[in-house]
Amino acid sequence: MAGEEHSEGGLAFHPLQQFEVHPLFRHYDPATCVPANGITEGCIKWYEITNVTLWMALALLVIVAVFAIGSRGRAIIPTRIQSIGEMAYGFVYKMVEDVAGHDGAKYFPLIMSLFLFILSANMLGLLPGSFTPTSHIAVTAVLGFGFFIFVTLLGFFKHGVHFLGLFWMKDAPLILRPIIAVIEVISYFVRPVSHSIRLAGNVMAGHAVMKVFAAFAPLILISTIGVVVTPVSILAITAIYALEVLVAFIQAYVFTILACVYLKDALHPGH
Amino acid sequence: MELIAAASLGKFIGAGLAAIGSGAAAIGVGNVAGNFLAGALRNPSAAASQTATLFIGLAFAEALGIFSFLVALLLMFAV
Amino acid sequence: MATETTAQDVAQGAHEVAKAGMPQLDFSTFPNQIFWLLVTLVLIYLVLSRIALPRIGATLAERKGTITNDLAAAEELKQKAVSAEKAYNDALVRARAEAAKIVAEAKAEIQKDVAAATAKAEVEIAAKTAESEKHIAEIRAGAMDAVTEVARDTAKELVAALGGKADAKSVTEAVTAALKG
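Chains as they are written, first to last, in numbering that gives the first Met the number 0: chain A, 0 to 270; chain U, 0 to 78; chain G, 0 to 180.
Extracted from the complex, chain A is given alone in its bound form (with noise of 0.2 Å):
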C-alpha cells in the first residue's frame, strides 16, 4: 500500500508527495490526524493557510498582475503585458459568443474567471517544487460542480420546464425517444463528474509521470546502468515537461470550451 515510501536500489519514488496538502505555518503530523480512527485534533482546519491557500493566492496575484495592473495603462497602442490581457480577452470573448451565442456574453466574466484560475493555476504548477490546485479532485469537482449547478439553475430559470426538451429528442423515432431521452439524462449528469475529473486527472497524471522520471534520473550515482538510464530519463523529463506546458493550456481550454457548451445548453436547450 505505502509501496512508494520504500526506496528501491536506493532511489526514492515519491509521485504523490508533489500532491500533498499541509499548513504553512505550523508542522502537520499525519498521525494526528486520522477520522477513520476519530483521531482529528491535528487535521488541517478549513480556515488553515496551507500550501493550497499560498498557490491559489500566487494565481489571483499573476491574474491580478496581468489583467488589472497591466491593464491600468488604457494605451492605445498597448504594452507587452496590456497585450498578453487584450489578448486572453479576445481569445475568450471569441469562444463564448462562437460557442454559446450572443447572449452567453452576459457570462463571459464568469467564463473568463474560471478560465484564468485554471490556466495559470496549471502553469504555475509546473514550477519545480510548487503545489497544483488543480491536481485536487477536491478543487475540480467544485468547479465542475458548481457550474453544472449554476447551468442547471439557469436553464431552468430561463426556460422553465422547456429545459426538459433538451432530454426530448424531437427528431427521433417516437420509440427511441424514451431511451434517448433516459441515455441523455445519464450522460447529462455525468457531465460534470468527466468535467472535473478530466482537469485533475489530466495535471496529476502529467506531474505525476515527470516525477516517475525524475526518480530514475539520479541512478548514475547508484548504479553503471545509470550511465543510459540518466540521460534517456532526463530527456524524457524534458520532453514531458514541454507536453505538460502544452496540456496546461489545453485542458484549461477544454474546460472553457466545455462550460460554454454546457452554457450553451443552458441558454438555448431546443438544440
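None of these hints come from the bench; they were simulated from the model. Be a bit skeptical, because a hint or two may be false.
Stated by the list, open to error - Straight-line Cα separation of at most 25 Å, SDA-like style, residue types lysine to any residue; simulated pairs:
(1) 263(A) x 40(U)
(2) 63(G) x 74(A)
(3) 263(A) x 35(U)
(4) 93(A) x 153(G)
Claimed, not checked - Examples of chain A residues lying across from chain G (beta carbon under 10 Å, computed):
(5) 51
(6) 56
(7) 67
(8) 92
(9) 141
(10) 158
(11) 161
Stated by the list, open to error - Cβ pair distances, simulated, as ranges:
(12) 75(A) x 22(U): 50 to 60 Å
(13) 231(A) x 25(U): 40 to 50 Å
(14) 105(A) x 70(G): 23 to 33 Å
All C-beta atoms in this analysis are idealised placements derived from N, C-alpha and C, irrespective of residue type, glycine included.
Since the structure of chain A is provided, determine the placement of chains U and G on it from the hints.
Leaving out everything else, chains U and G in the frame of chain A:
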C-alpha cells in the same frame, strides 16, 4: 496475511487491466485528431472554424480514458 | 508491500494509514481546499468583472474607434492629396500653355525686329553700294582723262623728238583713235 496479499495482488491486476482503457482512449483521441486532419487537408478554409469542435471531440474521447485511469488509481490507493 | 509495511512499521501505523492513499483522496483536507478555492474564485471574479474586464473592453473599443477614425482621416487625407495632385497637374498644364504662348510671342517679336533690321541694313547697303559705284565711275572717268592727256603729251613729244612738226589737232585725233582701238 495471505488474504491481504491476495487482495493486493487482485488490486494490482485490476489496476493494470483498467489502465488498458487509457490505451483505448488514446486510439479514440488519435482517431478524432486524424480524421480532423484528413478533413482539414481536404478543405483547409473550413478547418479554422472547426477547431473548437475538434477540442470538444478530443475532450469527450479522452474523458473515458481518464475514467479508466481513475479506476486504476482508486484500485491502487483507495480500495 | 502492505503486509510488510504493517509488520515493520507498527509504531508508524497511524502515519502510514494517513499517508497511504492519494493525497487527492485525503478527505480531511477537502474543507480547507474548498474554502480557499471559493475565496480565490470570488476574488478573481470580483477583480475581473469589476476592474479588469470593463477596462480591457473599454480599451479595446477605444482602440477600435481610434483605428476607425484614423482610417477615415487617412482616407480624407488621401482624397486631399489626390485633389492637390490634380490641381498641381492642372496648374502645370496651364503654365506650360502660357509659357508656349509667351515663347511664340517673343519669337514673333524677334522675327519682326530681325526683319526690320535686315530691311534697314539692306537699304543702307544698297545706298552705300550705289555711292561707291558712282565714286568708282568718277575715279575711272578721271583716270581716262588723265590717260588721254598723258598719251597726247607723250605723242606730241615723240613726234617732236622724231623731228616732225606736231600738229596738236592731228595728234589729238590719233591718240583718241588709238585709245579707242
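Evaluation of the provided hints:
1. 263(A) x 40(U): Cα-Cα ~29 Å, so violated.
2. 63(G) x 74(A): holds (12 Å)
3. 263(A) x 35(U): Judged against 25 Å, a Cα distance of about 23 Å means the pair holds.
4. 93(A) x 153(G): Distance ~141 Å between residue 93(A) and residue 153(G) Cα, so the pair is violated.
5. 51: holds (5 Å)
6. 56: Since chain G brings a Cβ to about 7 Å from residue 56(A), closer than 10 Å, the hint holds.
7. 67: holds (5 Å)
8. 92: Interface hint status for residue 92(A): holds (8 Å vs cutoff 10 Å).
9. 141: holds (5 Å)
10. 158: violated (25 Å)
11. 161: violated (29 Å)
12. 75(A) x 22(U): 50 to 60 Å: holds (53 Å)
13. 231(A) x 25(U): 40 to 50 Å: violated (22 Å)
14. 105(A) x 70(G): 23 to 33 Å: Holds, at about 31 Å.
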